[in-house]
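Colleague: These are the residues of each chain, in order.
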Amino acid sequence: SCSAPPRRTDATDPRSRDDADDAMHGVKKGPPPSDAKVAERRKKAQTYKKLSEHALRAKRAGKSDDATFGVVEKLLAANPDVATFWNYRREMLLARGSVAAAPELALTAACLRKQPKSYPSWHHRLWVVRRSPENANGELELCAAFLKEDERNFHCWNYRRLVAALAGESPAESRAFARSRLDANYSNYSAYHALAAGLPETLDATAARSELDLARQALFCEPDDQSSWWYHADVLRRAGGDPALIDAEIAALEELRELEPEARWPVMFLLRLRASRGIDVADLHAELRRVDPAHAGMYGSSIPPGFGT
Amino acid sequence: MAADAPPDFVGDLHAAYIKYVSEDTEALEFVTTDYMRMSGVYWGVTALRLLDRDPAADLGGEKLIEWTLACQHASGGFGGGEGHDPHLLYTLSALQILAILGALDRCDRDKAAAYVAGLQQPDGSFFGDEWGEVDTRFSYCALSALAILGKLRGPGAASIDVDAAAAFVDSCRNFDGGYGSMPGAESHAGQVFCCVGALAIAKRLDLVRRPLLCWWLAERQCDSGGLNGRPEKQADVCYSWWILSVMAMLGATHWIDRDKLADFILRCQDAEDGGISDRPGNRADVFHTFFGLGGLSLLGWFDARSEFTGRPRIDAVYALPDDVVRTLGLESQTVPPNSASLLDAWAAEGPPPPPPPPLVE
Numbered sequence: 001s002c003s004a005p006p007r008r009t010d011a012t013d014p015r016s017r018d019d020a021d022d023a024m025h026g027v028k029k030g031p032p033p034s035d036a037k038v039a040e041r042r043k044k045a046q047t048y049k050k051l052s053e054h055a056l057r058a059k060r061a062g063k064s065d066d067a068t069f070g071v072v073e074k075l076l077a078a079n080p081d082v083a084t085f086w087n088y089r090r091e092m093l094l095a096r097g098s099v100a101a102a103p104e105l106a107l108t109a110a111c112l113r114k115q116p117k118s119y120p121s122w123h124h125r126l127w128v129v130r131r132s133p134e135n136a137n138g139e140l141e142l143c144a145a146f147l148k149e150d151e152r153n154f155h156c157w158n159y160r161r162l163v164a165a166l167a168g169e170s171p172a173e174s175r176a177f178a179r180s181r182l183d184a185n186y187s188n189y190s191a192y193h194a195l196a197a198g199l200p201e202t203l204d205a206t207a208a209r210s211e212l213d214l215a216r217q218a219l220f221c222e223p224d225d226q227s228s229w230w231y232h233a234d235v236l237r238r239a240g241g242d243p244a245l246i247d248a249e250i251a252a253l254e255e256l257r258e259l260e261p262e263a264r265w266p267v268m269f270l271l272r273l274r275a276s277r278g279i280d281v282a283d284l285h286a287e288l289r290r291v292d293p294a295h296a297g298m299y300g301s302s303i304p305p306g307f308g309t
Numbered sequence: 310m311a312a313d314a315p316p317d318f319v320g321d322l323h324a325a326y327i328k329y330v331s332e333d334t335e336a337l338e339f340v341t342t343d344y345m346r347m348s349g350v351y352w353g354v355t356a357l358r359l360l361d362r363d364p365a366a367d368l369g370g371e372k373l374i375e376w377t378l379a380c381q382h383a384s385g386g387f388g389g390g391e392g393h394d395p396h397l398l399y400t401l402s403a404l405q406i407l408a409i410l411g412a413l414d415r416c417d418r419d420k421a422a423a424y425v426a427g428l429q430q431p432d433g434s435f436f437g438d439e440w441g442e443v444d445t446r447f448s449y450c451a452l453s454a455l456a457i458l459g460k461l462r463g464p465g466a467a468s469i470d471v472d473a474a475a476a477f478v479d480s481c482r483n484f485d486g487g488y489g490s491m492p493g494a495e496s497h498a499g500q501v502f503c504c505v506g507a508l509a510i511a512k513r514l515d516l517v518r519r520p521l522l523c524w525w526l527a528e529r530q531c532d533s534g535g536l537n538g539r540p541e542k543q544a545d546v547c548y549s550w551w552i553l554s555v556m557a558m559l560g561a562t563h564w565i566d567r568d569k570l571a572d573f574i575l576r577c578q579d580a581e582d583g584g585i586s587d588r589p590g591n592r593a594d595v596f597h598t599f600f601g602l603g604g605l606s607l608l609g610w611f612d613a614r615s616e617f618t619g620r621p622r623i624d625a626v627y628a629l630p631d632d633v634v635r636t637l638g639l640e641s642q643t644v645p646p647n648s649a650s651l652l653d654a655w656a657a658e659g660p661p662p663p664p665p666p667p668l669v670e
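One line per chain: the protein sequences are A and B, in this order. By the numbering used here, the letter at position 167 of the first sequence is numbered 167, and the numbering carries on one by one without gaps. By the numbering used here, the letter at position 38 of the second sequence is numbered 347, and the numbering carries on one by one without gaps.
Same shape as in the complex, but just chain A:
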């Protein structure tokens, strides 16, 4: 069934989230701010600047008293992207002896809720969990929650991979997690990537068929969504040149083409597979150039000699 809405790689599609989602991305220009707003922001800037300069001076002086610790924590909560403050926090924690995980997990979780793509916040959390790997299992739950919010957050996927190793997650469990993300949305490229990363270099026909079936659900429901096509291409690569498999794929793609004559991706894949079986591809090539002139240079103006003959 095709219950999820189709995705489009369009500059104006509001459904696809930005990779940065920070002060520099996705901010509408809007009218100039009012004088009151400008004054408010200047005041905020002055407060932040004072506090930040104070903390940097304290760091240079090697201070690690409670008051300074508190100031740095406040600054991090306000601006979690400042690596120097995370460095300073770690210096102070190490100077005190042991590092209690709970406060660090609480602070980074708060920072990440505010800024889920903050490199230094994820790194601090990893630093903490590496020192106390008994927390690794709980981290898998945190990752599941973050990926529910934004299934494409690569910071979280990367962090999950690292803590999963600490937690002793098996390849099968990792695969099951990636599959669960696909079950929620068959167009999740990050999940396909995670699956592909776990595939063996070569696949026998049975294994390949199973993987192709996985991709086929998405390909047939939304043939313009490229996520599953990349996975499909990779599975075929790992399956080698098995003629029976290729012929079965050709048949499936021809069926898809009849259902979705406007879709470009089936034409591309059909062209490549047919050519590999020595079938003429001139008509498909011409069609690609006609429906997708933007990629004319990629398709080339002529078919290479010997290709598809």
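Be aware that a few hints might be false.
What the hints assert, rightly or not - Distance windows between CB atoms, simulated:
| hint | chain 1 | residue 1 | chain 2 | residue 2 | range |
| --- | --- | --- | --- | --- | --- |
| 1 | A | ARG42 | B | GLY411 | 47 to 57 Å |
| 2 | B | GLN642 | A | ASP65 | 31 to 41 Å |
| 3 | A | ASP280 | B | PRO645 | 26 to 36 Å |
| 4 | A | ALA100 | B | ALA383 | 39 to 49 Å |
| 5 | A | GLY30 | B | ASP417 | 43 to 53 Å |
Said to hold, decoys possible - Distance condition first, Cα-Cα at most 27 Å in a straight line; then the derived DSSO-like pairs of lysine-lysine:
| hint | chain 1 | residue 1 | chain 2 | residue 2 |
| --- | --- | --- | --- | --- |
| 6 | B | LYS372 | A | LYS50 |
| 7 | B | LYS372 | A | LYS28 |
| 8 | A | LYS37 | A | LYS148 |
| 9 | B | LYS328 | A | LYS43 |
| 10 | A | LYS74 | B | LYS372 |
| 11 | A | LYS50 | B | LYS569 |
| 12 | A | LYS49 | B | LYS372 |
| 13 | A | LYS44 | B | LYS328 |
| 14 | B | LYS569 | A | LYS49 |
| 15 | B | LYS328 | A | LYS28 |
| 16 | A | LYS37 | B | LYS569 |
| 17 | B | LYS372 | A | LYS29 |
| 18 | A | LYS43 | A | LYS29 |
To be verified - Chain B regions said to be covered by chain A (calculated; three or more residues, Cβ under 8 Å):
| hint | segment |
| --- | --- |
| 19 | 475 to 487 |
| 20 | 537 to 549 |
Hints listed in this document are in silico derivations from the structure and should not be mistaken for laboratory results. Note that beta-carbon positions come from the ideal geometry of N, C-alpha and C, so glycine has one too.
Assemble the complex: chain A is given as a structure, and chain B must be docked to it using the hints.
Modeller: Leaving out everything else, chain B in the frame of chain A:
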């Protein structure tokens, strides 16, 4: 999709915008980004060069150089701003700034090289700083920084293992031909730039799965003409740099619609106040201004217009004006422009053709 023609190129407004931002030092955004100012200055300085202006004159060269030098720590690394800890990211930005302003000799070059080399790990990766974060961005920063310092190869070279650096980058290559931040990490345009850039500097482009990667990169072009950073994401002007530079390094810029991309970049300009934003109608910033200009430069957009010929071009590998690259003798490996297609690559992958029939005597 906009039906109107794209707006004119408002280069003078962009220059004024960059100058304005650099002087608006009490703004909240300025104050809260002090930790990464070094990169912001690099973007502004390079953007001004692409606008055929003199950043020393526009922004106060001596003051800028002194500020940059003041950010170099005893370890040799540079912080992102005054009082901030050293990091590879800002070490590269600092060296790039000094290179453009002709002041590399005024920093401690040996210490800087030692700082960079000291961050390499046994697996060839680089820590960003002493705190141990690993990311292929740092591989690029390290190789580029050492190249700029003239300490990547030859006598006086810093002791890093370039082969190991290349091998680590290769270990971050994914099923789609792209690269992530670490082994197993999803491909992302920014990481792809860092990885292919690092391999270009290391002269190891042989490790790149060129046709597959260039196909994946070509499929970043959206209906709007802009490029996104990975599948099913929004187009963003900064990918005009991250993606296009890699396609330029790999000789495949003809695989996208270059005119449509140029139009998209032009529509991302703020025609009233100057600067370029991530997408049309959004607020501008120096980051996107630099990368939008870099994209236009790589597209040959300035070269094609008589009023803009003669200005410096951006180098795809080093992201520096090409006159600086020439002056410093920065080397890299790239694939020259060509007309090869994806089908040519698929044809080359296929089974070998049957041997020709024997000659008849």
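Colleague: Give a verdict on every hint.
Modeller: Hints versus structure:
1. The hinted window of 47 to 57 Å between ARG42/A and GLY411/B is violated, with their beta carbons roughly 36 Å apart.
2. Taking 31 to 41 Å as the suggested C-beta distance range, the pair GLN642/B and ASP65/A does not conform, at roughly 53 Å.
3. For ASP280/A and PRO645/B, the hinted distance range of 26 to 36 Å is satisfied, since their beta carbons lie about 32 Å from each other.
4. A hinted range of 39 to 49 Å is violated for the C-beta pair ALA100/A and ALA383/B, which are about 32 Å apart.
5. GLY30/A and ASP417/B have their C-beta atoms about 45 Å apart, which keeps the hinted 43 to 53 Å range intact.
6. Between LYS372/B and LYS50/A the alpha-carbon distance is near 23 Å, which keeps this suggested pair within the 27 Å criterion.
7. Of the pairs offered as hints, the one joining LYS372/B and LYS28/A is violated, with about 34 Å between alpha carbons and a cut-off of 27 Å exceeded.
8. Restraint check for LYS37/A and LYS148/A: the C-alpha separation of about 35 Å exceeds 27 Å, so the hint is violated.
9. Between LYS328/B and LYS43/A the CA atoms are separated by roughly 23 Å; this keeps the pair inside 27 Å, and the hint holds.
10. For the given pair, LYS74/A sits about 32 Å from LYS372/B by alpha-carbon distance, which is inconsistent with the 27 Å threshold.
11. Between LYS50/A and LYS569/B the CA atoms are separated by roughly 46 Å; this puts the pair beyond 27 Å, and the hint is violated.
12. Our distance criterion of 27 Å between C-alpha atoms is met by LYS49/A and LYS372/B, whose separation comes to about 21 Å.
13. A hinted pair counts as satisfied when its Cα atoms are at most 27 Å apart, and LYS44/A with LYS328/B qualifies at roughly 23 Å.
14. With a C-alpha separation of about 43 Å, the suggested pairing of LYS569/B with LYS49/A is violated against the 27 Å cut-off.
15. For the proposed pair LYS328/B and LYS28/A, the alpha carbon gap of about 22 Å is at most 27 Å, so the pair holds.
16. This hinted pair does not check out: LYS37/A and LYS569/B have alpha carbons roughly 38 Å apart, beyond 27 Å.
17. For the given pair, LYS372/B sits about 32 Å from LYS29/A by alpha-carbon distance, which is inconsistent with the 27 Å threshold.
18. Distance restraint check for LYS43/A and LYS29/A: the Cα-Cα separation of roughly 22 Å lies within the 27 Å cut-off, and the hinted pair is therefore satisfied.
19. Under the rule that three or more residues need a Cβ within less than 8 Å of chain A, the assignment of the segment 475 to 487 of chain B holds, with 3 such residues.
20. Counting residues of the segment 537 to 549 of chain B whose beta-carbon sits less than 8 Å from any beta-carbon of chain A gives 9, enough to reach three: the coverage restraint holds.
Checked against the numbered hints given earlier, this structure breaks hints 1, 2, 4, 7, 8, 10, 11, 14, 16, 17; the rest are met.
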